[in-house]
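2 protein chains.
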Amino acid sequence: MAPKTVRVCVVGAGPSGLSFLYYANQIKESISSNIKNPENISVDVVCYEKHATFGGLWNLSWRVGTELGGEVVHSSMYQHLWTNAPKEALEFYDHPFKEHFDVTVPSYLPRVMILDYMKARMMKHGDLNKFIKYDTKVTNVTFDEEKKTFLVQTTSADNIGTPHTEETFDYVIVATGHFWAPNFPEFPGIEKFPGRVLHAHDYKCAKEFKGMRIMVVGGSYSADDIAVQCMKFGATSAAISCRRPTGIKWDRPGFTEYPILTRVEGNTVHFEGGQHIDVDAIILCTGYRHCFPFVDPSLQMTPENVYYPKQLYKGVIYTKGGNNKMMYLGMQNQAFSFPMFDAQALWSLQYILKNITVPCKADMLKHIKTWSQREGEAKSVLDIIDLQNDYVLDLHKEAEHEFKNFFGYRNLMKKWIDDKVNKNLFTFRNQTFKSIVTGTQSTSNRTPFMENFDDSMEGIINQC
Amino acid sequence: MAPKTVRVCVVGAGPSGLSFLYYANQIKESISSNIKNPENISVDVVCYEKHATFGGLWNLSWRVGTELGGEVVHSSMYQHLWTNAPKEALEFYDHPFKEHFDVTVPSYLPRVMILDYMKARMMKHGDLNKFIKYDTKVTNVTFDEEKKTFLVQTTSADNIGTPHTEETFDYVIVATGHFWAPNFPEFPGIEKFPGRVLHAHDYKCAKEFKGMRIMVVGGSYSADDIAVQCMKFGATSAAISCRRPTGIKWDRPGFTEYPILTRVEGNTVHFEGGQHIDVDAIILCTGYRHCFPFVDPSLQMTPENVYYPKQLYKGVIYTKGGNNKMMYLGMQNQAFSFPMFDAQALWSLQYILKNITVPCKADMLKHIKTWSQREGEAKSVLDIIDLQNDYVLDLHKEAEHEFKNFFGYRNLMKKWIDDKVNKNLFTFRNQTFKSIVTGTQSTSNRTPFMENFDDSMEGIINQC
Numbered sequence: 000m001a002p003k004t005v006r007v008c009v010v011g012a013g014p015s016g017l018s019f020l021y022y023a024n025q026i027k028e029s030i031s032s033n034i035k036n037p038e039n040i041s042v043d044v045v046c047y048e049k050h051a052t053f054g055g056l057w058n059l060s061w062r063v064g065t066e067l068g069g070e071v072v073h074s075s076m077y078q079h080l081w082t083n084a085p086k087e088a089l090e091f092y093d094h095p096f097k098e099h100f101d102v103t104v105p106s107y108l109p110r111v112m113i114l115d116y117m118k119a120r121m122m123k124h125g126d127l128n129k130f131i132k133y134d135t136k137v138t139n140v141t142f143d144e145e146k147k148t149f150l151v152q153t154t155s156a157d158n159i160g161t162p163h164t165e166e167t168f169d170y171v172i173v174a175t176g177h178f179w180a181p182n183f184p185e186f187p188g189i190e191k192f193p194g195r196v197l198h199a200h201d202y203k204c205a206k207e208f209k210g211m212r213i214m215v216v217g218g219s220y221s222a223d224d225i226a227v228q229c230m231k232f233g234a235t236s237a238a239i240s241c242r243r244p245t246g247i248k249w250d251r252p253g254f255t256e257y258p259i260l261t262r263v264e265g266n267t268v269h270f271e272g273g274q275h276i277d278v279d280a281i282i283l284c285t286g287y288r289h290c291f292p293f294v295d296p297s298l299q300m301t302p303e304n305v306y307y308p309k310q311l312y313k314g315v316i317y318t319k320g321g322n323n324k325m326m327y328l329g330m331q332n333q334a335f336s337f338p339m340f341d342a343q344a345l346w347s348l349q350y351i352l353k354n355i356t357v358p359c360k361a362d363m364l365k366h367i368k369t370w371s372q373r374e375g376e377a378k379s380v381l382d383i384i385d386l387q388n389d390y391v392l393d394l395h396k397e398a399e400h401e402f403k404n405f406f407g408y409r410n411l412m413k414k415w416i417d418d419k420v421n422k423n424l425f426t427f428r429n430q431t432f433k434s435i436v437t438g439t440q441s442t443s444n445r446t447p448f449m450e451n452f453d454d455s456m457e458g459i460i461n462q463c
Numbered sequence: 000m001a002p003k004t005v006r007v008c009v010v011g012a013g014p015s016g017l018s019f020l021y022y023a024n025q026i027k028e029s030i031s032s033n034i035k036n037p038e039n040i041s042v043d044v045v046c047y048e049k050h051a052t053f054g055g056l057w058n059l060s061w062r063v064g065t066e067l068g069g070e071v072v073h074s075s076m077y078q079h080l081w082t083n084a085p086k087e088a089l090e091f092y093d094h095p096f097k098e099h100f101d102v103t104v105p106s107y108l109p110r111v112m113i114l115d116y117m118k119a120r121m122m123k124h125g126d127l128n129k130f131i132k133y134d135t136k137v138t139n140v141t142f143d144e145e146k147k148t149f150l151v152q153t154t155s156a157d158n159i160g161t162p163h164t165e166e167t168f169d170y171v172i173v174a175t176g177h178f179w180a181p182n183f184p185e186f187p188g189i190e191k192f193p194g195r196v197l198h199a200h201d202y203k204c205a206k207e208f209k210g211m212r213i214m215v216v217g218g219s220y221s222a223d224d225i226a227v228q229c230m231k232f233g234a235t236s237a238a239i240s241c242r243r244p245t246g247i248k249w250d251r252p253g254f255t256e257y258p259i260l261t262r263v264e265g266n267t268v269h270f271e272g273g274q275h276i277d278v279d280a281i282i283l284c285t286g287y288r289h290c291f292p293f294v295d296p297s298l299q300m301t302p303e304n305v306y307y308p309k310q311l312y313k314g315v316i317y318t319k320g321g322n323n324k325m326m327y328l329g330m331q332n333q334a335f336s337f338p339m340f341d342a343q344a345l346w347s348l349q350y351i352l353k354n355i356t357v358p359c360k361a362d363m364l365k366h367i368k369t370w371s372q373r374e375g376e377a378k379s380v381l382d383i384i385d386l387q388n389d390y391v392l393d394l395h396k397e398a399e400h401e402f403k404n405f406f407g408y409r410n411l412m413k414k415w416i417d418d419k420v421n422k423n424l425f426t427f428r429n430q431t432f433k434s435i436v437t438g439t440q441s442t443s444n445r446t447p448f449m450e451n452f453d454d455s456m457e458g459i460i461n462q463c
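Residue numbers (numbering that gives the first Met the number 0), protein chains in the order written: chain A, 0 to 463; chain B, 0 to 463.
Just chain A, with the same shape it has in the complex (with noise of 0.2 Å):
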């Protein structure tokens, strides 16, 4: 059968589009015996990336605010970031961390060891830059409802003057994240506050902080690892001021837990219940909303924080459009991140492999329902810990993928969660976990984290 050939629009170059780049070579080059291709389909892959490099939020950007082009600054990376979940819970299947460090290596490690894994093991069947057209930015995309194609639109980040292309494509994965544009409310007196605020967004360094009392505003993962950074660097004190108690011991000196910021006078922060004290910046970890100013609106997904997004079938497929082409990857809250991202990529190419089809649209809805329920219901953490291991297996299960192990990440993520929220935020990171993969056994730092300010990739593996 002659093959018939297929246009692929991958939107970034992060890690959940170079999972989709990953599988779309192995189909390429005939690499993968796992992934059949009954209708000789021939996938045609091109990849935007505003960028001049992959790795998405990986990497880390000095400049602030804006890019060159005026761009926005997309990735939210700070200098000196370690993991705040165990590299276990983002290990890939076919990419073992102990043998791509030739050490076994402790369970928590910095950025740049996270990036140096994450690259590898894309890389390792084949060069994916092929599919990749850098410094480039999707400026629109939209669906023809007579042709069934989109047209998408780009031009050069720079944004001098260079001509817009335009092709056209049978299906778009977008694939930029959902943390780059800032949720940055606004609180009563804020504008005239006589230190820095900023949101955690253009957060880059800890060492900015030495010497001042900083508070963190939110109660989530951001709120409490800038918080710890910056103490750990030499801020004064951290104030943490949420809507609601995290539920963590804050038991070093200096950290303290307060209700919700009301108003700001002078450098005076008061909070709901009435107390009120001094600070020196404000570092809003508020969170962030899913924009997508490049695509279509008809075709854009809407800010839904959820695990469950109620727009997507299967976590990807969108279906408000109506074409079921239109497909996103990585916008659901994360327990899981790698190992999700690279089930959400397989499953989209056995999609349009047409491996695997898709109901009618009542019926998506209906069963994306299910797993919204689900997750209104879950009791804590922990269910939805369950509700997410649950749903990379059933996206395993219908791509096809023999991952069975992929059962106890749930276990490892629980005991992260007990290690970090219920024993010891400031500790946590010196625990060990078994690999899901190998079964290895990780070695902890020699030196505790709270300790340890070489956060080079030299630095970690000459300790082990």
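Hint data in this document are derived by calculation from the structure and do not stem from the laboratory. Hints are not guaranteed to be accurate.
Which copy? The list can't say, so a pair holds if one copy fits it or any two copies do.
[Stated by the list, open to error] Straight-line C-alpha distance at most 30 Å; calculated DSS-like pairs for lysine-lysine: (1) K97 x K118; (2) K365 x K353; (3) K35 x K3; (4) K191 x K136; (5) K206 x K191; (6) K319 x K136; (7) K191 x K86; (8) K191 x K360; (9) K147 x K136; (10) K209 x K191; (11) K248 x K414; (12) K97 x K191; (13) K209 x K231; (14) K368 x K413; (15) K147 x K368; (16) K191 x K118; (17) K191 x K132; (18) K396 x K413; (19) K3 x K368; (20) K414 x K378; (21) K231 x K191; (22) K378 x K403; (23) K309 x K136; (24) K231 x K206; (25) K132 x K419; (26) K319 x K132; (27) K86 x K396.
Given the coordinates of chain A, assemble chain B onto it according to the supplied hints.
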């Protein structure tokens, strides 16, 4: 004669855009007898403004980096900014400062007073809000060569799935400013600097740098103003690093001028020639690049930091497109600001009303070349002041605008340069000037600028 309707799209409701609306309103409401309308043209204007208010860069956003909706913060304004030129240099011929504030105020004023003054002038003959669509961003401007009209696409600035709208216009006037997309050069080692690195665009408040050794990179207005501000509000020292000597006498303790930065090593910054110092914060005052990503590349003015842009006939009409209906206001380097924007706006309207005709493209380019050559031959900033003064007078003449006194602005600007550069950067804001419009000599601020920490309107007016 039945009126012929001409549709004009103005992008941005800052000083330049507002000036156009000001004159368009005079025609619409038959306020002015000075603007003739021989062809009885009805000018239908729509102004799209991304923000919720008018006034452009004179507004201060407390947000840094990104606004809600993931849009770049547009304004480069900072707290405690005072004009760096006397108010007499930006006085509108038809709205004297003396009338506006009811008292004679000093020549140098804080931001809020300039904003107040400018807004009042724009609204003095009628509410311009009727023309403005707020919270609306232009996403694309294209020209239809057959119909000879522009298609302007817009959407809501919050970027959440709002349908795009499309409107057709006969003219497009881009008035979005050119001080928002940073020129953001790279220096070896800057990515590992263990302190704060930012562009002047993201500089918000001098108090953030209290107790720090700061370095500004750049030799122009932002650099000297930010260095002085930071020291005024408690920075320990200010290094000024630039390619060419600024000519400024930094004769206060703590200020030192160095050659250009060559590399960064930890906290140490190295300069051309071998000197090095340690600093705590690096502020890149390295300027801006013209950036119009919302305009089709064929209609985009490309970056050109000059006093007489080679792409714009009369500094206004974009010549490359060939349609003579695309205009840019305020896109040149500025010796003059409000009065120049105002002259450009009036000239544009007179052109739309067919009171001004333009020659063929070859002659337009020839005309530009003459001015461009004069700029190239300028021996000093004084020659540049003469050039821009003559340029504005040329616009006035063509627009049949009677304001002969404008010739006096050049002397005012020359005294300003002498005060600031030749005499004293720290005291130039204590000088007084005589209004070109009313002949009134300004009062001086009772407290010298460097000791004056009250930049409220009440504070300034009460002392007068």
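Comparing the hints with the structure gives:
no.	hint	verdict
1	K97 x K118	within (15 Å within a copy, 65 Å between copies)
2	K365 x K353	within (22 Å within a copy, 62 Å between copies)
3	K35 x K3	within (15 Å within a copy, 65 Å between copies)
4	K191 x K136	between (36 Å within a copy, 27 Å between copies)
5	K206 x K191	both (24 Å within a copy, 11 Å between copies)
6	K319 x K136	both (24 Å within a copy, 24 Å between copies)
7	K191 x K86	between (42 Å within a copy, 25 Å between copies)
8	K191 x K360	neither (50 Å within a copy, 51 Å between copies)
9	K147 x K136	both (23 Å within a copy, 29 Å between copies)
10	K209 x K191	both (22 Å within a copy, 16 Å between copies)
11	K248 x K414	within (17 Å within a copy, 64 Å between copies)
12	K97 x K191	between (52 Å within a copy, 29 Å between copies)
13	K209 x K231	both (9 Å within a copy, 22 Å between copies)
14	K368 x K413	within (26 Å within a copy, 72 Å between copies)
15	K147 x K368	within (27 Å within a copy, 51 Å between copies)
16	K191 x K118	between (44 Å within a copy, 22 Å between copies)
17	K191 x K132	between (43 Å within a copy, 28 Å between copies)
18	K396 x K413	within (23 Å within a copy, 77 Å between copies)
19	K3 x K368	neither (35 Å within a copy, 56 Å between copies)
20	K414 x K378	within (17 Å within a copy, 73 Å between copies)
21	K231 x K191	both (28 Å within a copy, 18 Å between copies)
22	K378 x K403	within (26 Å within a copy, 77 Å between copies)
23	K309 x K136	both (28 Å within a copy, 28 Å between copies)
24	K231 x K206	both (9 Å within a copy, 24 Å between copies)
25	K132 x K419	neither (40 Å within a copy, 49 Å between copies)
26	K319 x K132	both (29 Å within a copy, 29 Å between copies)
27	K86 x K396	within (24 Å within a copy, 71 Å between copies)
The structure fails hints 8, 19 and 25 (numbered hints given earlier, in ascending order).
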